[in-house]
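Colleague: Listed here are the chains, written in short residue letters.
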Amino acid sequence: MNEVKTFRLDGVDIEFSEGDTIMDAALRAGAYIPHLCHNPEFTPHGSCRVCIVEVNGGQVSACTQPAAAGLEVDNASDAIVEERRNLLQMLFVEGNHMCPGCEKSGACQLQAVAYYTGMLSPHYTHFFPQRSVDASHPDTAIDFNRCILCELCVRASRDVDHKNVFSLRGRGIDTQLTINSPSGKLGDSTFAATDKAAHVCPVGAILPKHRGYEQPIGNRLYDRQPISVVGDVAAYEPGNKGDGHD
Amino acid sequence: MTDKIRVATASLCGCFGCHMSLLDIDERIIDLVQLVEFDRSPINDIKKVGDCDIGIIEGGVANAENVEVLLEFRKHCKVLVALGACAINGGIPAMRNSFELRECLEEAYIDGIGVANPQIPNDVEIPLLLNKVHPIHEVVKVDHFLPGCPPSGDTIWTFLTELIEGKPISFPYEQIHYD
Amino acid sequence: MTHDEIIKTIIASSGTSPDVQRQQLLQYLCQIQHDLSHIPGHAITQLADLMQMPEAEIHGVIDFYSFLHKDARGEYDILLSDSITDHMLGSRTLLQQLCNRLGVEPGVPRSDGRVTVDTTSCTGLCDQGPAMLVNGTAVSRLSDSRIEQICALIEAGTGVSQWPAEFFEIEDNILRRDLLLSDETTAASPDGSALRALIASSSDALLDVIEQSGLRGRGGAGFRTGMKWRFCKQAESDSHYVVCNADEGEPGTFKDRVLLNSYADSVFEGMTLCAGIIGAQRGYLYLRGEYRYLLEPLQAVLQQRRDSGLLGQGILGKNGFDFDIEIHLGAGAYICGEESSLIESLEGKRGIPRKRPPFPVTLGYLNKPTVVNNVETFMAAAKIAALGADWYCAAGTPESSGTKVLSISGDCERPGIYEYPFGVTIKQVLEDCGATNTQAVQIAGAAGTTLPVADADRCIAFEDVSTAGSIMVFNNERNLLDMVQNFAHFFVHESCGFCTPCRVGGSLLKDLVEKLVNGHATQYDVAEMKQIGALMQGTSFCGLGTTAANPVLDLLNRFPQLVEEQLAHSGYEPAFDLDASLQEARDITGRDDAGAHIGSHT
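Residue numbers (my numbering), protein chains in the order written: chain A, 1 to 246; chain B, 247 to 425; chain C, 426 to 1027.
No wet-lab data here; the hints were simulated from the structure. Ideal placement from N, C-alpha and C gives every residue a C-beta, glycine not left out. Keep in mind that a hint or two might mislead.
[Unchecked claim] Below, simulated EDC-like cross-link-like pairs (lysine to aspartate or glutamate); rule was C-alpha separation at most 16 Å, straight line:
id, chain 1, residue 1, chain 2, residue 2
1, C, Lys433, C, Asp460
2, A, Lys163, C, Glu480
3, C, Lys780, A, Asp20
4, B, Lys294, B, Asp272
5, B, Lys387, C, Asp950
6, A, Lys5, A, Asp24
7, C, Lys955, A, Asp24
8, A, Lys185, C, Glu480
[Unchecked claim] So these bits of chain A aren't anywhere near chain C, every CB distance computed over 10 Å:
id, residue
9, Arg8
10, Glu18
11, Gly118
Make the full structure from the sequences, and use the hints.
Modeller: This is the structure in structure tokens:
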């Protein structure tokens, strides 16, 4: 029989299997490590860096770091929480995140993780980039102002839908999400509202049309309980793993 | 002079919703006025800010007058508070940052539907617009941020009472939201 | 040939399956760019059809590399090297002169399509700058008069191949030779000697020799070469690869250019040795686009080696010893010097670093075990195989055996290539290159460390100050802030954009450095820079992000008096120029009264 292997996360023993990352094992054990670009249905990515944890004195992203027996993982020190808050603040100033005008507000993972880390302001100087809104598709709208470049839609469209509707272009601070269609518009692509890619966006960048204020502000997913209790918003999308409606 | 805590408030480029929310502390305002005295504020219509303990700013920085008021507040207030989404990140008014200032003015004063005598106002009495709307921390040092559009009366109450009592400020989960 | 014919010829030149074609995507794009001075939309459509991949993905690849363009560049595409050492030699004045004389704005083709003038990251000619590339070929030692001549040639429509040969003279400038570069070594280890040694003993025995020599990676990180090769050899797979990292992008480094120019045989020999040891049949040399002019000479060396039985099937007559090398070009992306980005780029993609683990030795090129080593590492390995571990260990320190080839530039009388045994003091280096009145030394490039001259008794070694070769000298006349600003811009330009701290933090840091340079930063901003820098160091995804803040942090921590002199002495300064932000409104309204300004009365 295989010996049960564990590492310690904030002083609690977490069991893991061969091939698990720290994130995999923690999520399975019901321990919350904040994350944005990670979705357990997809290959780990490691770009947002929000799941940074301290392991044996060094910092690693929990979603990409293989679990190993005996690791001491610090997920909650003041320093780690502050770093996460700073990373979130960077994401907020990089885009145009006007929460009061966003239909995703209250059920937005960027917001929820920011609440969780105690972010009261974006702190840094805003970039106010010039970005567009694409409302060309009959069922789905894209607001590039809110994109945080997590590439979940890219991964979903490529790996699950096999459509490659989304990809990234540009480099560095000019990196942006782009749509693969002759006009560059979503309405001109093979995208459908039933695609997996339509149900993985952690923020309000990819939104269903014709649905507004079904849930009043104040009654939304993260309005009363933190994300550490509620979990990822994608899990509440119909058809996704851990469907919150069941 | 009393030894009450002096508080000044101003709305820069905002909708006064945050000030309305301040009034939403309801009957607790009676407790509040036991503790504080209002200096310049839309509540009492005093026009010039004097030396204060706490300055509360609603709204972002969109024009030359906003800058002037904000700098005056910073000069006179020991503690400066950004109240609400617009003061914190520019908010809805900052959505004009996606456009050139000229486009905005032309849409409003030249090409807009029903515009009579189209011209962009240039009277010296009208504050000039900044090319972009900015959150207030991009102009002055801000000591505290209360997010929300608006922050709820409860949030404002928690903040003011804890600040006045000199306690570390911490909010229950449901009191912090960005919308 | 028409555009279409050129594109078809390029595409027809390699494999048939879409998968194989995709690995060539970047190479096709480089060739199309080279032949047509841009990549037209119909070429993108053709490539997308051929490779069965979305056009958007091809756009993504084009956008990623600075040397690829979707809009036509000028007939003469001029890129001035924008490294700090070029600046110190007057490149910015020359850029202005060039633009004025030709009547162009930087980056915008002239209306007649004749010429584009732009800047590019360090071109690796710091010892003979200011430098530029014209249609991919390097021109060194620019001066007023050379710029005048160039402008006249352009206006006359003289083809670049007809320009005076002295424009293109690139010197090796080897000013100190030690173990690797000495004439005795070259004589004692002729071409093929490492491979003969391999055949005469065994791959295990030769791997032991490499391990015993203590050779460590010369790209800067210093991983033990023998160990890397052993890991790769042990990784089970149907194929293994050898990759030579010649993406020498670190500002101030140019030793690989010299090694490839004059010692390419040894470099290829080292790659072939590695192949023999780990069991690879295919190798790649990833050559930075800035060194495109070395492509043909390198290909000639490869052909010569094939003709001599040192490459190809049955090397030196040994049955089963099959290995060949292909050269892939980069296209202006510093990040591709990071080994996993380089592998992505070799596969024809955007050069985004991969997550580690797994490491390339187990999952590298095409997810096969791959050794990626620096040019100098392969060369040293070849010499060690021929002359023995003892020969190599005789020089250097116990932790850092052998020698290091340094590229020295900046404020010194004799910039160039210097080979030293590890353990040499910086003081010695400064003396030898004729540096006087030195203020600071930037070691290991923009990603490296800034040392005040007071620290010149420190040593070049992995256990002390490590460098892939770049040493830039700054005398007391220089403002170090210029250097820091140049590097901050460099990292914003070169960040791949994958992870948050590097992408966003780097931009924030650049703006704060600018605020400091303009005299508007306060102690508050200094604290901000330290915080952002620490975040980038601690949380970035790859080495570019973790080192990008080094120059700023070194300035703040090691040169506090310089920073202090530059600070505004108020408690807090706005993030933007308040009065300037009214300019647009002033222009629109025509107002210029007192109320139309901010700040005059405060």
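Colleague: Hinted pair, alpha-carbon criterion (16 Å max): lysine 5/A, aspartate 24/A. Please report holds or violated.
Modeller: holds (14 Å)
Colleague: Need the status of pair lysine 185/A, glutamate 480/C: alpha-carbon distance at most 16 Å?
Modeller: holds (13 Å)
Colleague: For the pair we were handed, lysine 433/C and aspartate 460/C, check the Cα-Cα distance against 16 Å.
Modeller: Distance of about 12 Å is within 16 Å: holds.
Colleague: Run the C-beta distances from glutamate 18/A to all of chain C and say if the shortest one exceeds 10 Å.
Modeller: holds (14 Å)
Colleague: For the pair we were handed, lysine 294/B and aspartate 272/B, check the Cα-Cα distance against 16 Å.
Modeller: violated (26 Å)
Colleague: Verify that the Cβ of glycine 118/A lies farther than 10 Å from every Cβ atom of chain C, and report whether the claim holds or is violated.
Modeller: About 16 Å separates glycine 118/A from the closest Cβ of chain C, which puts it past 10 Å; holds.
Colleague: So if I understand the rule, the pair passes when the alpha-carbon distance is 16 Å or less; does lysine 387/B with aspartate 950/C pass?
Modeller: holds (11 Å)
Colleague: When you check the alpha-carbon spacing of lysine 780/C and aspartate 20/A, does it fall within 16 Å?
Modeller: holds (15 Å)
Colleague: Hey, is arginine 8/A genuinely clear of chain C, shortest beta carbon separation above 10 Å?
Modeller: holds (21 Å)
Colleague: Given the hinted pair lysine 955/C and aspartate 24/A, is their Cα-Cα distance within 16 Å?
Modeller: violated (33 Å)
Colleague: For the pair supplied as a hint, lysine 163/A and glutamate 480/C, is the alpha-carbon distance within the 16 Å limit?
Modeller: holds (13 Å)
Of the numbered hints listed earlier, those contradicted by the structure are 4 and 7.
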